[in-house]
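K.L.:
Given the structure of chain B, go ahead and fit chain F onto it with the hints provided.
There are 2 protein chains.
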Amino acid sequence: MNSPIDPTNKTERLELALRSETPGDAVAILADMSPGDAAYLIVSSPPDVRNILLGLLAPEQEALVVNELPEELRNAALINRAPEALAKIVGQLDDDDSADILQELPEAITGRVLAILDEQYRSRLQTVLSFPEDVAGGLMSTDTINVRADLTLDVVLRYLRRHSALPPNTDNLVVVNRNDQFLGLLPISTVLVSDPAISVREMMITDQPAIHAEVPATEVAHRFERNDWISAPVIDAEGKLLGRITIDDVVDVIMEEADHSLTSLAGLAEEDSFATVWQSAPRRAIWLGINLGTALLASSVINLFQDTIEEVVALAVLMPIVASMGGIAGTQSLTILIRAMAMGHITHRNQLWLVGRELLLSVLNGLFWALVIAITTAIWFEDPTLGFIIACAMLINLVTAGLAGAGLPIVLRELKIDPVLAGGVMVTTITDVMGFLTFLGLAALFYG
Amino acid sequence: MNSPIDPTNKTERLELALRSETPGDAVAILADMSPGDAAYLIVSSPPDVRNILLGLLAPEQEALVVNELPEELRNAALINRAPEALAKIVGQLDDDDSADILQELPEAITGRVLAILDEQYRSRLQTVLSFPEDVAGGLMSTDTINVRADLTLDVVLRYLRRHSALPPNTDNLVVVNRNDQFLGLLPISTVLVSDPAISVREMMITDQPAIHAEVPATEVAHRFERNDWISAPVIDAEGKLLGRITIDDVVDVIMEEADHSLTSLAGLAEEDSFATVWQSAPRRAIWLGINLGTALLASSVINLFQDTIEEVVALAVLMPIVASMGGIAGTQSLTILIRAMAMGHITHRNQLWLVGRELLLSVLNGLFWALVIAITTAIWFEDPTLGFIIACAMLINLVTAGLAGAGLPIVLRELKIDPVLAGGVMVTTITDVMGFLTFLGLAALFYG
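Residue numbers (the working numbering), protein chains in the order written: chain B, 25 to 472; chain F, 25 to 472.
This is chain B alone, in the form it adopts within the complex (with noise of 0.2 Å):
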């Protein structure tokens, strides 16, 4: 319902030509797709469906193609190539891209891969790797159009026809001194418009501010969204510029980031969704264990007080209300605080202000739904007593849920923990055992 049109006319044709074992045909549809959408089909295809496509690639769109794979498939289909297979795969990419692949593969392979290109690219290349992929300086590519303040605009394009094509993404030239100091951006839709008698000093813009090689991958994609950018230069400590990020990759980030935060409060970390089943199975078992041991635990709770529950045997039908309320309550807050971090949010004068809302909020919904639980309970079981306790154990647990909601991913963050990843479960784990303890160890107090 979500697909495009077109590939899926072609994908369906292609399903044919696969099923009626004609590949030549399967061939040439495949060969008739941008590298995108056969990249799309081939995601979005069982393993087994993928390995065939992948086979069918014709020789010139393969490089294209795996680049626009996601990155564990991308390995997957690169780790067991020859290293003049993957140096000429890499040669046809732009050098982001192929920093991209280099990074993931093992270091020794690697090395061979780029000892085999030719040395211009590959000291391009060895630039960007020289950043971890995460910072400004491993999104960046080196292939930008520099040109100096004093020229007129009728020199540069002079210069630029020189060229047979720009660097993919080109909107700005890049003005820097004789230094390669970063000075501003020429838009190329200016040197159009303007007069080719002025100089580039004149038309440049120097309110786009360069980005630091050393900025993380996230802040890149914050101050691309904020200002919308096209493009950005990316310099060094000392002004010298390195290279220009292009939006194509910044999205990229955006939407890694974005899955991040989706799958791992799942314990699903960059899962891919049509993995085999070998594959997916132990990283679910793990989760589910780390879960059990959490349940175990809250059961060791509910252990303590079985004189109590004999007794009075509504506790066991009413626990899971609390338990589950304050699970809830939590997890609003914690992906209230989740969601702030990932888009930049959050800062130290905010913080505060931030657990103080969440804080008032449980306090006004603990209130609001002990009185509900209160009466339901105290009708439903015909004890007010019962009323009261679940009504006190639900204020105490949402009130819980909110502090630990919205103040645990702060303080995972200064420890340098995953707040998405650990979150998730300390903040479970922390409703439930607090729901179970405070609501059968009140109706102990009060019934024993």
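What the hints contain is simulated information worked out from the structure, not anything from laboratory work.
Stretch-level coverage of chain F by chain B, calculated; a stretch enters the list once three of its residues show a Cβ under 8 Å from a Cβ in chain B:
no. : stretch
1   : 249 to 262
2   : 302 to 309
3   : 328 to 340
4   : 347 to 359
5   : 370 to 384
6   : 391 to 398
Built from N, CA and C at the ideal position, the CB exists for glycine as well.
P.N.:
Frame of chain B, contents of chain F only:
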């Protein structure tokens, strides 16, 4: 910690200016920020500071800053303005941004604002406003530069030089025939590097298809992602050019989609992280109320087995484990499906394969954890029968979780119900009820 270096310094100076009650300084600091940075500062401030900052914006930056605010904040900032003031604001923006703003205002106000605008801008706005916000036509700007295929690049260059600037993010000129029908794209970088004597027809690219105006916004985003486009032309059913969509608006669609998946799973539909407690409390309460309903349903299942629990109180200790493991497994399957749906990876040809994969995963993990919990229980309570009972319940509940987590989103989507918002509650309700029912039901059979 994640905040950009420059805005933060400015932010600190700004806070100092606000505290020392020198609003003149604050205005100057704000006026010096880019619209995106000023909007970011406003968004990440508590409500009272937000209003102060909005009041301090210089008139010439107000439209641009307000345009960068998220929908809810933007509406709150504009809802009480007079039509004349609104006309002044939207008059400074591109037509796609103006249309976004006008779409959110009451129809009577929109009509009065449109009446004030000059005729040419009004008619362009009306084209965009004739489409819903969430399709290609509602995302587009009508601001394109069109050329005819039979011109030479030299003529195009001279035509461009008559403009004082090109529309924002113009990477391509649009090639149309005499009926304004879309023929292809002419990259402005091609105009710059090519021989001016060549014709547009020879240099235009024809392998980037135009987008029909009715294509959903999410599908537009997928096509941009897959093909690394900066802009794409939009056409009507007759192939006539209507406008163009640019990557900055697509990035907003991508971020909204990702945000929807994350927050809806926690029942937080589009909540603003910094909203006041009075705005958020009722929304949170509704979600907690729905979950109280489902928790009461689970409790009523437990209630059926009061006698059995009174006899074997260990059942009360262990029953949350079965329910909680089911909830975790169900949420994992649900998240995988929701994510694959959001990425446009789920089609009719692969959805059954995916459900089958989740089912097989849940059988494998069900068997493994049933064994683990059987041994743990048999040792803890010195009761092998209890171990056998909980193992059966665990296996049944994990398989139910896999089926519900993977199957429900597909069914909900077919029924046009949001699989994220409804899916989360439904899956955990099913696993809670099934967990208590199978565990206590089997126990009643064995011990009854």
